[in-house]
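Enquirer: Got chain H; can you put chain D on it based on the hints?
Number of protein chains: 2
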Amino acid sequence: MPRVVRFHNFGGPEVLKIEVLDVRDPGENEVKIKVEALGLNRAEIVFREGKYLERDVDFPSQIGYEAAGIVEAIGSNVTNCKVGDKVSTIPSFSMAKYGVYGDVAVVPASAVAHYPDNLSTFEATSIWMQYLTAYGALIEFGQTRPEDFVVITAASSSVGFAAIQIVKEIGATAIATTRSSGKKQALLDAGADYVVVTDEEDLERKVHQITKGKGSRIIFDSVAGTFLKDLADLAAPEATIFIYGALSMMSTPFPLMMALKKGLVIRGYTLFEITGKPDRLERAKRYVVEKLKSGKIKPVLDKTFALEDIADAHRHMQSNEQIGKIIVSVN
Amino acid sequence: MPRVVRFHNFGGPEVLKIEVLDVRDPGENEVKIKVEALGLNRAEIVFREGKYLERDVDFPSQIGYEAAGIVEAIGSNVTNCKVGDKVSTIPSFSMAKYGVYGDVAVVPASAVAHYPDNLSTFEATSIWMQYLTAYGALIEFGQTRPEDFVVITAASSSVGFAAIQIVKEIGATAIATTRSSGKKQALLDAGADYVVVTDEEDLERKVHQITKGKGSRIIFDSVAGTFLKDLADLAAPEATIFIYGALSMMSTPFPLMMALKKGLVIRGYTLFEITGKPDRLERAKRYVVEKLKSGKIKPVLDKTFALEDIADAHRHMQSNEQIGKIIVSVN
Numbered sequence: 073m074p075r076v077v078r079f080h081n082f083g084g085p086e087v088l089k090i091e092v093l094d095v096r097d098p099g100e101n102e103v104k105i106k107v108e109a110l111g112l113n114r115a116e117i118v119f120r121e122g123k124y125l126e127r128d129v130d131f132p133s134q135i136g137y138e139a140a141g142i143v144e145a146i147g148s149n150v151t152n153c154k155v156g157d158k159v160s161t162i163p164s165f166s167m168a169k170y171g172v173y174g175d176v177a178v179v180p181a182s183a184v185a186h187y188p189d190n191l192s193t194f195e196a197t198s199i200w201m202q203y204l205t206a207y208g209a210l211i212e213f214g215q216t217r218p219e220d221f222v223v224i225t226a227a228s229s230s231v232g233f234a235a236i237q238i239v240k241e242i243g244a245t246a247i248a249t250t251r252s253s254g255k256k257q258a259l260l261d262a263g264a265d266y267v268v269v270t271d272e273e274d275l276e277r278k279v280h281q282i283t284k285g286k287g288s289r290i291i292f293d294s295v296a297g298t299f300l301k302d303l304a305d306l307a308a309p310e311a312t313i314f315i316y317g318a319l320s321m322m323s324t325p326f327p328l329m330m331a332l333k334k335g336l337v338i339r340g341y342t343l344f345e346i347t348g349k350p351d352r353l354e355r356a357k358r359y360v361v362e363k364l365k366s367g368k369i370k371p372v373l374d375k376t377f378a379l380e381d382i383a384d385a386h387r388h389m390q391s392n393e394q395i396g397k398i399i400v401s402v403n
Numbered sequence: 073m074p075r076v077v078r079f080h081n082f083g084g085p086e087v088l089k090i091e092v093l094d095v096r097d098p099g100e101n102e103v104k105i106k107v108e109a110l111g112l113n114r115a116e117i118v119f120r121e122g123k124y125l126e127r128d129v130d131f132p133s134q135i136g137y138e139a140a141g142i143v144e145a146i147g148s149n150v151t152n153c154k155v156g157d158k159v160s161t162i163p164s165f166s167m168a169k170y171g172v173y174g175d176v177a178v179v180p181a182s183a184v185a186h187y188p189d190n191l192s193t194f195e196a197t198s199i200w201m202q203y204l205t206a207y208g209a210l211i212e213f214g215q216t217r218p219e220d221f222v223v224i225t226a227a228s229s230s231v232g233f234a235a236i237q238i239v240k241e242i243g244a245t246a247i248a249t250t251r252s253s254g255k256k257q258a259l260l261d262a263g264a265d266y267v268v269v270t271d272e273e274d275l276e277r278k279v280h281q282i283t284k285g286k287g288s289r290i291i292f293d294s295v296a297g298t299f300l301k302d303l304a305d306l307a308a309p310e311a312t313i314f315i316y317g318a319l320s321m322m323s324t325p326f327p328l329m330m331a332l333k334k335g336l337v338i339r340g341y342t343l344f345e346i347t348g349k350p351d352r353l354e355r356a357k358r359y360v361v362e363k364l365k366s367g368k369i370k371p372v373l374d375k376t377f378a379l380e381d382i383a384d385a386h387r388h389m390q391s392n393e394q395i396g397k398i399i400v401s402v403n
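So the protein sequences, as listed, match chains H and D. Sequential numbering of the first sequence, starting at 73, is according to my numbering. Sequential numbering of the second sequence, starting at 73, is according to my numbering.
Only chain H is shown next, with the shape it has when bound in the complex (with noise of 0.2 Å):
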């Protein structure tokens, strides 16, 4: 039987647990997939604590958004995908239904896509949170345009790496923020164009000279709290400031001032608002292939686990010590 990941209470990352169990086939509208790697995202970190944006559970839950596999069995009108083929899920269900933690998964058929022949398994898990959240803010909504300067906090998770990417594809400028300076490299070489480090350096005054005064005209955050009057501080008049997370965790002060000066839109954003309307999710899906395929973007791996440490693989997320995506090897 095959081995699932579960956990009965909210907590740390002991909480989760291997259980071995039985997994029911695929119903209507719904593929089972033989998981061969997961792709660590912070929502799991943040669902495992209960204070995800879904906290209706039941325990025990299962877990988990991305998994990259090959198709075991489809439900009743399954279209889209078939047996034996090469596919990994998109973060559009309910975690505590449909977590992919596991050797199989059921997940929506709406959830499975097909990647790119030239990315690797590790590389499939590691597509669709991260290109897709990149891909809504900077180019669906924010319209990003060669001329703007771009900034990227928190810039060395795989989201970053994914903001960084689609910055430098539609020819705009990146200023990549990070806490310290042990990452700064590893941003400019996945380029870059500018690394703040915040911990060293005055962002605003950074930014300020960077952009000759003219301010940031898109902003892309996952740290909230108070953070985000330094962001409205270093924004352009009529900016976009784009929150996607709650690094942080601290409360959040509407820089009401900044905001009335410069007329600011400071606007909560998830994937969810791409992978829950199907025109933008098609769009989405097939700017980020066509990118993948012709190299223009890639995920940046971190390190690999076992399936049988995934606590110590969600221990390693909370240090913020990895740089991209961290991949659970299965089997």
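Treat the hints with care, since some could be wrong.
It does not matter which identical chain is meant; a pair holds if it fits inside one copy or across any two.
Taking lysine-lysine and the BS3-like style, the derived pairs with C-alpha atoms no more than 30 Å apart in a straight line are [as the list claims (entries may be wrong)]:
1. K286 <-> K357
2. K301 <-> K333
3. K240 <-> K256
4. K123 <-> K301
5. K333 <-> K363
6. K368 <-> K284
Derived from the structure by calculation, the hints contain no laboratory data.
Expert: Chain D only, in chain H's frame:
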């Protein structure tokens, strides 16, 4: 010599002084207006208190955004009006430099606009701030559609009435809020489809009922503070909350979890985003003049004060008892 209202330090209404002064001739690209009436704005209260966006003031300072009167002289390069024209002023200048409270006012020619003949001089003081502010949020940026539900907070201000009128002109549904029941009938008379008295009713529940659970797609707010949380709760997915004021004078927590969950756009907004861009301003003026001429929108006027009672006029605005625009008759 003409009377000019000035103040020598920030403070309460009593700092406003009527001074008899020589007023300079208009320079290049400037126009001198013989003022017949003034319209009061909340911005002037806050400016007088030293809490406005414009705080860098050389005392004594002038004050005032909206005057209606007759062109008395024009400077060089002025082509958009001539001596004798009936005009009113668009708030698109520094109040400290060009304040219009007085018997005469010198303003930039770009701030001078003709108003339709079917408006009285009093009504002419009550056009640009209110209709450009409401137009910019509701039409230029918000693109309000007939099927939208629009929540308008503090709706008995001049901008609030303007917003109700524009929402009804679009064919959308206007949900006005007011703190106490005293102004409810006036808001219904002005065309609001629903009025929610926030001291007595649960705003979120009412909006939920009115919109049959859909929520409000456009929210037009001048209150901010902790009220923003309530507005995020009643917002539809991907709604836009325009904040154009800070009436609550409290700090404003950003409702991050709800913004992430719904993909909310929360936007600082002032009419300067319209007046500062000639193409936007032209579109806006065309819309406002056309709708005023046809009688489809019409300023709602509150009390009229004499210029010598300007401090009382400010006190009246601070009492929050007014319904619509407070007017000052000059001469």
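Enquirer: Under a CA distance limit of 30 Å, which applies to K368 and K284: within one copy, between copies, both, or neither?
Expert: within (29 Å within a copy, 46 Å between copies)
Enquirer: How would you classify K123 and K301 at a CA-CA limit of 30 Å: within, between, both, or neither?
Expert: both (23 Å within a copy, 19 Å between copies)
Enquirer: For K240 vs K256, is the C-alpha pair at or below 30 Å within one copy, between two copies, both, or neither?
Expert: Cα proximity of K240 and K256: one copy only (17 Å, versus 54 Å across).
Enquirer: Tell me, please, which holds for K301 and K333 at an alpha-carbon limit of 30 Å: within, between, both or neither?
Expert: Answer is both; intra-copy 13 Å and inter-copy 22 Å each pass.
Enquirer: Under a CA distance limit of 30 Å, which applies to K333 and K363: within one copy, between copies, both, or neither?
Expert: Only across copies: K333 and K363 sit 29 Å apart there, 38 Å inside one copy, limit 30 Å.
Enquirer: Within, between, both or neither: how does the pair K286, K357 come out at a Cα-Cα threshold of 30 Å?
Expert: Intra 33 Å, inter 29 Å, cutoff 30 Å: inter-copy only.
Checked against the numbered hints given earlier, this structure breaks none of them.
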